[in-house]
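Visitor: Top to bottom, those sequences are chains B, D, P and X.
Mapping of the first sequence onto the UniProt record's numbering: position 233 corresponds to residue 233, and the numbering continues sequentially without gaps.
Mapping of the second sequence onto the UniProt record's numbering: position 50 corresponds to residue 50, and the numbering continues sequentially without gaps.
Mapping of the third sequence onto the UniProt record's numbering: position 149 corresponds to residue 149, and the numbering continues sequentially without gaps.
Mapping of the fourth sequence onto the UniProt record's numbering: position 201 corresponds to residue 201, and the numbering continues sequentially without gaps.
It should be emphasised that the hints constitute simulated quantities derived from the structure, not laboratory data.
The beta-carbon is built from N, C-alpha and C at its ideal position, and this holds for glycine as well.
Check before you lean on any hint, since a few could be wrong.
Okay, derived cross-link-like pairs now, DSS-like style, lysine-lysine, Cα gap no bigger than 30 Å in a straight line [what the hints assert, rightly or not]: (1) 204/B / 257/D; (2) 241/B / 223/P; (3) 257/X / 241/B; (4) 32/D / 257/B; (5) 241/D / 241/P; (6) 257/D / 223/B; (7) 223/P / 257/X; (8) 149/P / 241/B; (9) 121/D / 241/B.
Each pair of labels, with its calculated beta carbon distance range [what the hints assert, rightly or not]: (10) 403/D / 24/B: 56 to 62 Å; (11) 121/D / 130/X: 48 to 54 Å; (12) 386/D / 128/B: 44 to 50 Å; (13) 333/X / 395/P: 35 to 41 Å; (14) 134/X / 37/B: 51 to 57 Å; (15) 7/D / 407/P: 41 to 47 Å; (16) 401/P / 130/X: 40 to 46 Å; (17) 262/P / 61/D: 57 to 63 Å; (18) 288/B / 15/X: 35 to 41 Å; (19) 24/P / 134/D: 47 to 53 Å; (20) 204/P / 128/B: 52 to 58 Å.
4 protein chains.
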Amino acid sequence: MSSRFFERSDPVAFAGEDSRDPLAFRFYDKDKMVAGRRMEDHLRFAVCYWHSFTWPGSDPFGGETFDRPWMQGGDPLALARQKADVAFEMFRLLDVPFFTFHDVDVAPEGASLQASIDNLKAVTDLFEEKMATARVRLLWGTANLFSHKRYMAGAATNPDPDVFAYACGQVKAALDATHRLNGENYVCWGGREGYETLLNTDMKRELDQLGRFLAMLVEYKHKIGFGGPILIEPKPKEPTKHQYDFDAAAVFAFLQKYDLLGDVKLNLEQNHAILAGHSFEHEVRYAYANDLFGSLDVNRGDDLLGWDTDQFAMSAGEMALVFHEMLQHGGFTTGGLNFDAKIRRQSIAPDDLLIAHVASMDTCARGLVAADRMLADEALTGPLRTRYEGWESAENRAILSGERDLESIARRALDLDPQPRSGRQEMLEGIVNRYV
Amino acid sequence: MSSRFFERSDPVAFAGEDSRDPLAFRFYDKDKMVAGRRMEDHLRFAVCYWHSFTWPGSDPFGGETFDRPWMQGGDPLALARQKADVAFEMFRLLDVPFFTFHDVDVAPEGASLQASIDNLKAVTDLFEEKMATARVRLLWGTANLFSHKRYMAGAATNPDPDVFAYACGQVKAALDATHRLNGENYVCWGGREGYETLLNTDMKRELDQLGRFLAMLVEYKHKIGFGGPILIEPKPKEPTKHQYDFDAAAVFAFLQKYDLLGDVKLNLEQNHAILAGHSFEHEVRYAYANDLFGSLDVNRGDDLLGWDTDQFAMSAGEMALVFHEMLQHGGFTTGGLNFDAKIRRQSIAPDDLLIAHVASMDTCARGLVAADRMLADEALTGPLRTRYEGWESAENRAILSGERDLESIARRALDLDPQPRSGRQEMLEGIVNRYV
Amino acid sequence: MSSRFFERSDPVAFAGEDSRDPLAFRFYDKDKMVAGRRMEDHLRFAVCYWHSFTWPGSDPFGGETFDRPWMQGGDPLALARQKADVAFEMFRLLDVPFFTFHDVDVAPEGASLQASIDNLKAVTDLFEEKMATARVRLLWGTANLFSHKRYMAGAATNPDPDVFAYACGQVKAALDATHRLNGENYVCWGGREGYETLLNTDMKRELDQLGRFLAMLVEYKHKIGFGGPILIEPKPKEPTKHQYDFDAAAVFAFLQKYDLLGDVKLNLEQNHAILAGHSFEHEVRYAYANDLFGSLDVNRGDDLLGWDTDQFAMSAGEMALVFHEMLQHGGFTTGGLNFDAKIRRQSIAPDDLLIAHVASMDTCARGLVAADRMLADEALTGPLRTRYEGWESAENRAILSGERDLESIARRALDLDPQPRSGRQEMLEGIVNRYV
Amino acid sequence: MSSRFFERSDPVAFAGEDSRDPLAFRFYDKDKMVAGRRMEDHLRFAVCYWHSFTWPGSDPFGGETFDRPWMQGGDPLALARQKADVAFEMFRLLDVPFFTFHDVDVAPEGASLQASIDNLKAVTDLFEEKMATARVRLLWGTANLFSHKRYMAGAATNPDPDVFAYACGQVKAALDATHRLNGENYVCWGGREGYETLLNTDMKRELDQLGRFLAMLVEYKHKIGFGGPILIEPKPKEPTKHQYDFDAAAVFAFLQKYDLLGDVKLNLEQNHAILAGHSFEHEVRYAYANDLFGSLDVNRGDDLLGWDTDQFAMSAGEMALVFHEMLQHGGFTTGGLNFDAKIRRQSIAPDDLLIAHVASMDTCARGLVAADRMLADEALTGPLRTRYEGWESAENRAILSGERDLESIARRALDLDPQPRSGRQEMLEGIVNRYV
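Build out the structure end to end from the sequences listed, making use of the hints.
Guide: Take a look at the structure:
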């Protein structure tokens, strides 16, 4: 079946920078060594199940455009298998090392929680079988706690404790499935953990509920021996008016308060970052500065639109700055670059799915190479070191280490008249332009 | 002199709801009891020095419009005294209990740090003398660590440790002055504590600098016996591209990391909230939920503009929701409603200063009364209690208190099929409209 | 059936300002005279079919929440009749004078254009029958040229001329139905008339297509004797990245270029206005200034969200400013206040539909009364007249009438030194607060 | 003097792509032929006077940072000459063909209109003399009708007709100076032609005033034989809440209504475009589609900030799309690329001025080359032609030429069932990435 969905049967291959084939890589050469690692091991690309295989092309003002064979009705588990065939065929064609999924992307919801869990188990069996002969591995799994109407007012933060309990049942099953498939991380996106209006919301209570929910998840992870981190994915709004996991800083505040540091890290996304008023690079920096970096959703938003467009990342310059930060910290450990990206609803040809991934994988590869060269040349790190070098003196180190107090420094300041130095922003922007 | 600046000499008085005099209060009746306190003691209004007496009406595309007598040049200290005369006359005419200032609003910067400190001391003497015979008290003082070019790349977060030291000198003097004038709080707004570009910024190092700076300030506060809290004022951006004190959550994350909880609270502003993507009410709720509430800057932004317009608050409905939250927590302790608000640059008549404050004070009073009535009627709190009442059962309390684990709850969930209940948003919005 | 959907059977009635019944009007008293007209004749409320009866409560991250009986599957025309029963029951309960619909809201799409037209005719028969015994009339009809996948790249602006032709077929049928039901206007919302990316878009050609499409629609309207205006509804974006009918000004530019003034007016919406960066009042003013005012969609957006939330209007102050403008121009002619508003997806109780409309109708009535009182007192119009009175001199009138040239005015200006006068913004804001 | 301001004395030269010198061009090779023209003749770079030589580095929260010698006080005309020496030295060092200025950038305002005009004449004499021996020419001049307090409520749209008259005097003098210096265009930016609040604004009257003002300017231009166009520069907001020249569409509507087409074109700016919710490319396309294209301000805004940052353009990809459009229409006629861009206020070194221009000129040159290659390969234009080719049939041409009516097309549509085709957005994005 799947061979009939995509016309091509050979995996997309590296063809060099001059290629004009939209189904060939110009920069992504998986075995090429960059900064001591194979490109594939740096980039750790993952294809997501939901946008690529589950979303029918609808938007708030229009219906299905994609007409995928597995969306045409029939026995739900048979359709799930048909979808899985195409998905694994695409993983093979793109030659990606990872994929990701929500429980409901892969398995139909049943008439009861138990039935849904059974469906998920059946699909997990299928995946296990497929993965035995495929290169692709599971980057992370997650539970969809936001689409069904029972979650309309939140899952962990629902005013109804039975919904909280139901979410516990669902998330346990999803983590079990992830663990069984050797997933390297487990992700929580709290799309309904927020509010539509404060008029009907007890924010403090809901945060306490969320804190407890995550604590139990961490306990369970340890109990079953799941070694990967729990990743929270910040997003400021949409679908709700306001989500508690607004941005990296809001999550950091939350994790400290509820004593969840260490076991929980961040899965960051460019589109969510800009909806919160931050650049992608900012969120990555903030995560590293506070030991929260986990994984990345690699997509892009539209700077002129106020909702999550989840477009394929196409800016090598933006990715270069992200990799520049990551390479200084050793790159990914358990994380990867997950394509939480969807082709536009007008991109209805099957090969649009492949073309989009190829173009964006190439963009990332180009950014990686640029970042590596910038670091090798100390193009940005050199000037940075110089800018702050005053803090390396013994007296100034003593300030930061807590050996000085306000009065003594204030007294010393009476003799100072510090003169500003140029921040050199345009020069640095010009330097970056040399590399991308 | 001051009698010639404002035409009227009698303080603005309460004249009842039907008054059409823009220089009379229609709702603010300072001695009227609301929720067990005098209105004045609830609202604790403060007039700020900078917008009202120091800003000349300029904007990025145009110069001075106000032509205040004390802005026309001459001996700096004489002008400072002339300005103080008008300021204290305005405090008297508005009959406000508080005022607020930055060091450089009230005293000219001198040729050296010592000279600036001396100027501030001279003005502090003058204020002490004036306050001895006036009703007005000091809500809070602060140091301007953002206007002078030495601070262009930050004060506490500057790459140059000499600038950090200079800021220590300035902030110590400002806290000393605040303490001497019996200020009830001390405020830190980090307008330059952020970055213009990440290309030249070491975020982690700068956050460490900021943490140390505040820790020393707290230590010093205790040493001199200053009893009020240090208040951080979050703002996401402007003047810089990105400020570290982005919003209440970012500050909470920071305070936890640098162990500053307890001594440091928040001074929240509506305009800063909306620039960060939050409602004012959200920030207030978040502050209370995390024991961070301190004080409020009462102004408003323009929802369609992307910068800090600092307009006078004129929405009783918005203020009612803020007071609704505050009254449930007992209202202000050391904090107050500071008019960090500026008349439009076209409002060049001297009495525009009075009219704007009067109209906004009335707006706040009206909001306070509405909030009190909503609480008395349990108009919002009643439905809220009902909505979450499921959590009051023993079994569900046990979840939150940590006596249950994921597996046991998941097992119990197999028998559940929770049905959603209406969130009643429109009904609640209609209810609020009954009160304002 | 419908009597079982809503519990109540008596129409909502006026009960006075002190009522606490969410299903009673506190301000809307339909026969009360305001500015020489009955309130009902001023406000001309319309209930829309799509949000109230067709939308299932889904959003981009979640499915159906409403579970309406007519959405549960079955014979499409039978379901359409069931839906119509509930709709007309709601029109009766709310006692609104008007309703509005898209073709596909009321009649199922068939397997061919002809079949769809036949379905629409069948429902038009049904409506005609129901309207014979009901008070409700048709404010406007419209064709949905944006939901079906054939329109994913536009209707009139589609790159495929066959889609353009299909849209002609659909819009002709919708106008025929509107005409037959004595609709007072016909509306065009160009939700897909724009682009997702300029990379694949020929903007000039598409604008020419759109101009021709509308010209033919105007010709046809005259031919069949449809007396109402064609109304264009501006919206800047969503669902597409950029719509050609961005705002009132973009439509005015377009109408002038394609010679469509006179026959085509505007249907303005608050939520679309703010997405375009304008206040609702701005768009209304602009429409009147250029003789384009037609009708209003009365809802509100969320100032902190970047998409169309279509919430029920609940701000009497905002509506007061809109009515203040409208009353100066005589109020509506063919237009009305259409509730293009949807209850939140958590408002799942049937009576939420009624409560939301009642609360918003009351908000509008309250705004109308406030506007009337402001005008009677010349509260805003008086100061406005004074502000511009200099232009009433003979010399200055001559400038505007074209009797002076740049040189003569420039020469006269050599003797001038004009002094600014206060714009009095805060005083005017305080005045408005007296009325709302 | 000027030789002492900049350290270097040799003009910046082309050094090839591998150069690492921030004061060498890597792409801009002025005599290199691209699409049949010298690069210099395509790009027509202009340096602006205001940001580079008049702005002191202040922002709304901070004062001067640049400390330029000519800003330190003294005889105004002597300082103006000193500034002009540095400016012309910079034009020479950057080897740009053009510059631009406002009247008040170059000449101090005097105590009366006549005195200001006299100052402008004196500086015009000086410029004439300097231009006699320099390569640099005047791209355009303009009058600053927004900074002085007399214009706080508008110039042409002021409620006070004496201000209108004063503006006539100033704009006549500025056009006279532009004409004398052989300026190729004359620009109007209506920074105060809008409103702060609709409460005190008569929008219709103000638009009529603005229409008359521009009509007189056009009449005068013809009278004195000034051959270039009048260029209006759209901007949606800032400094005011709302400007009448919101975007290209608003200006097009206005020009049509006031019969100003032909003589008036657009000067478009990226930063203004994005503040209005449009991409730069959109505004350029819209201008060409409606025969309004004039000239460009080449800078960039920050997508995450809500004000005019006027940063130097550094994205070759963005510029490539603009040039791609322009080259299809033959490129500039009288217009050019004006650097309405300012170095960041922390970029205080004199050579930051040069470095920023060089980096941005190179960005533009790189974009130009990419656009030329895309056109040569028909990389975008080929797929575009194919996408719309259905409209080339005789029947479909007849629709657009007005030979068909709604009924006949609707009848024909009964036999149609148009099938959607992929929009290929990701493929096209990937193609663009090949070129930049």
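Visitor: Please go over all the hints and tell whether each is borne out by the structure.
Guide: Going down the list of hints, with the structure as the test:
no.: 1; hint: 204/B / 257/D; verdict: 21 Å, holds
no.: 2; hint: 241/B / 223/P; verdict: 47 Å, violated
no.: 3; hint: 257/X / 241/B; verdict: 41 Å, violated
no.: 4; hint: 32/D / 257/B; verdict: 40 Å, violated
no.: 5; hint: 241/D / 241/P; verdict: 26 Å, holds
no.: 6; hint: 257/D / 223/B; verdict: 28 Å, holds
no.: 7; hint: 223/P / 257/X; verdict: 28 Å, holds
no.: 8; hint: 149/P / 241/B; verdict: 29 Å, holds
no.: 9; hint: 121/D / 241/B; verdict: 49 Å, violated
no.: 10; hint: 403/D / 24/B: 56 to 62 Å; verdict: 59 Å, holds
no.: 11; hint: 121/D / 130/X: 48 to 54 Å; verdict: 52 Å, holds
no.: 12; hint: 386/D / 128/B: 44 to 50 Å; verdict: 47 Å, holds
no.: 13; hint: 333/X / 395/P: 35 to 41 Å; verdict: 39 Å, holds
no.: 14; hint: 134/X / 37/B: 51 to 57 Å; verdict: 55 Å, holds
no.: 15; hint: 7/D / 407/P: 41 to 47 Å; verdict: 43 Å, holds
no.: 16; hint: 401/P / 130/X: 40 to 46 Å; verdict: 43 Å, holds
no.: 17; hint: 262/P / 61/D: 57 to 63 Å; verdict: 39 Å, violated
no.: 18; hint: 288/B / 15/X: 35 to 41 Å; verdict: 36 Å, holds
no.: 19; hint: 24/P / 134/D: 47 to 53 Å; verdict: 51 Å, holds
no.: 20; hint: 204/P / 128/B: 52 to 58 Å; verdict: 56 Å, holds
The structure fails hints 2, 3, 4, 9 and 17 (numbered hints given earlier, in ascending order).
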